[in-house]
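Engineer: As given, the protein sequences belong to chains P and R, one line each in that order. 3 is the number that our numbering gives to position 3 of the first sequence; each next residue is one higher, with no gaps. 83 is the number that our numbering gives to position 83 of the second sequence; each next residue is one higher, with no gaps.
Treat the hints as calculated values from the structure; they're not laboratory data. Watch out, some of these pointers could steer you wrong.
[Said to hold, decoys possible] Pulled a few chain R residues facing chain P out of the computed Cβ check, cut under 10 Å:
1) Met1
2) Ser2
3) His5
4) Asp15
5) Arg16
6) Thr18
7) Ala27
8) Asp28
9) Leu86
10) Ser87
11) Ala91
12) Lys92
13) Ser95
14) Trp96
[To be verified] Far from chain R, some chain P residues (derived; all Cβ distances over 12 Å):
15) Arg20
16) Ala28
17) Ala50
18) Asp61
19) Ser63
20) Glu96
21) Gln98
This one's a predicted model, so the numbers in the text were calculated from it and none came from an experiment. All C-beta atoms, glycine included, are put in the ideal place defined by N, C-alpha and C.
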Amino acid sequence: MAKSLLIISRQSPWSGPGAREALDIVLAGGAFDLPIGLLFLDDGVLQLAAGQNAKALQQKDLSANLQALPMFGVEELFYCAESAHARGLGQLSLDEAQPLATDQITALIDRYDQVITL
Amino acid sequence: MSTLHVLSHSPFGDDRLTSCLRLLGSADAVLLAGDAVYALQPDTVPFSALQARPVNLFVLVEDAQARAIEVPDWAEAIDYPAFVELSVRHAKVNSWL
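Just chain R, with the same shape it has in the complex:
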């Protein structure tokens, strides 16, 4: 049983990402969408937190491109059809609203 955690809020001044990483199961995956892609801004605390541990990390490519965020090679940039595919591949989706 695995969970896809979907984050869409900026990690700066908010602890959704921190809590999500704390509770993450080993088979779980994280998708960054919307302002959550700012977590991939280099030289920041959220960036280091993601880089420091093995996470199945996905990023909605258009949200990253719109914000001038480069997707590092340890994350996978995906489009909406791939997002759908990712959702059905996991037993459930936990949206951090």
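Chain P with its partners taken away, still in its complex shape:
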């Protein structure tokens, strides 16, 4: 059994390539059937904001990559409820992502074999 891996993504969607690269790692892991989870933390939750308009910046948005996660077998999708609340996020663009309280995140990190925060 492969070791389970939790990626913690805390980059905002439009500040650079970080958010996309973290998603790419998760999608690649999913494609290889690795037990992989993804947690959006701090500014990372902004990736999940509904109604983003990539065309305004003449870029591609992350929504296609986000929607692809369950298709790639990545079903362990979480976000920090406190980070989302602090940033005034209401409706999110990824229905599969579950909100977690702080103590649940501590337990989540404990549950995975390996964790990396990007």
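Got chain P sorted already, so can you dock chain R onto it with the hints?
Structural biologist: Chain R only, in chain P's frame:
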């Protein structure tokens, strides 16, 4: 199961340290390396945050010395071999990149 959290960014103008302390498990440890050692600058918000709660806190001594940061007695200054030993003593290492 315990995690060693490795921080290497300055805590000023960045919330890695804040989030890390928020999520820290009771058996976890924190290692400050690189610019993260600036968290031990006395009379600052990060310093108070670290001082205010019991944290298993380690500091890479050469990064502290290079930055003229004094390691307080409630943190443990370690060298690279001790860093390696600390890494293997924990079930996993979470690097806050």
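Engineer: Now tell me, hint by hint, if it's right for this structure.
Structural biologist: Hints and how they fare:
At its closest, the beta carbon of Met1 of chain R sits 5 Å from a beta carbon of chain P; the interface hint therefore holds under the 10 Å criterion. Contact between Ser2 of chain R and chain P, as hinted, is supported at the beta carbon level, the nearest pair being about 8 Å apart and thus within 10 Å. For His5 of chain R, the interface hint holds, since its Cβ comes within 10 Å of a Cβ in chain P; the closest pair sits about 8 Å apart. At about 6 Å, the closest approach between the beta carbon of Asp15 of chain R and any beta carbon in chain P falls short of 10 Å, and the interface hint on this residue holds.
For Arg16 of chain R, the interface hint holds, since its Cβ comes within 10 Å of a Cβ in chain P; the closest pair sits about 8 Å apart. Of the supplied interface hints, the one on Thr18 of chain R holds, with its beta-carbon coming within about 9 Å of a beta-carbon of chain P, less than 10 Å. For Ala27 of chain R, the interface hint holds, the least distance from its beta-carbon to any beta-carbon of chain P being 9 Å, beneath 10 Å. Residue-level restraint check for Asp28 of chain R holds (minimum Cβ-Cβ distance to chain P is 8 Å; threshold 10 Å).
A cut of 10 Å between beta carbons decides the hint on Leu86 of chain R: the least distance to chain P is about 16 Å, and the hint is violated. The beta carbon of Ser87 of chain R is not positioned within 10 Å of any beta carbon in chain P (closest approach about 12 Å), and the interface hint is therefore violated. At a threshold of 10 Å, the smallest CB-CB gap from Ala91 of chain R to chain P is about 8 Å, leaving the interface hint in force. A distance limit of 10 Å between C-beta atoms decides the matter here; for Lys92 of chain R the minimum to chain P is near 6 Å, and the interface restraint holds.
A distance limit of 10 Å between C-beta atoms decides the matter here; for Ser95 of chain R the minimum to chain P is near 6 Å, and the interface restraint holds. About 4 Å separates the beta-carbon of Trp96 of chain R from the nearest beta-carbon of chain P, less than 10 Å, and the hint is met. Listed as outside the interface, Arg20 of chain P is consistent with that label: its C-beta sits roughly 15 Å from the nearest C-beta of chain R, beyond the 12 Å cut-off. Against the 12 Å criterion, Ala28 of chain P stays outside the reach of chain R, whose nearest CB is about 17 Å from its own CB.
The beta carbon of Ala50 of chain P sits about 24 Å from the closest Cβ of chain R, which is more than 12 Å, so the claim that it is off the interface holds. Every CB of chain R is more than 12 Å from the CB of Asp61 of chain P (nearest about 23 Å), matching its label as outside the interface. Non-interface status of Ser63 of chain P relative to chain R is upheld: no Cβ of that chain comes within 12 Å, the nearest being about 24 Å off. With a closest Cβ-Cβ approach of about 22 Å to chain R, Glu96 of chain P is found to remain outside the 12 Å limit, as its non-interface label requires.
Residue placement check: Gln98 of chain P keeps its beta carbon more than 12 Å from all beta carbons of chain R (closest about 16 Å).
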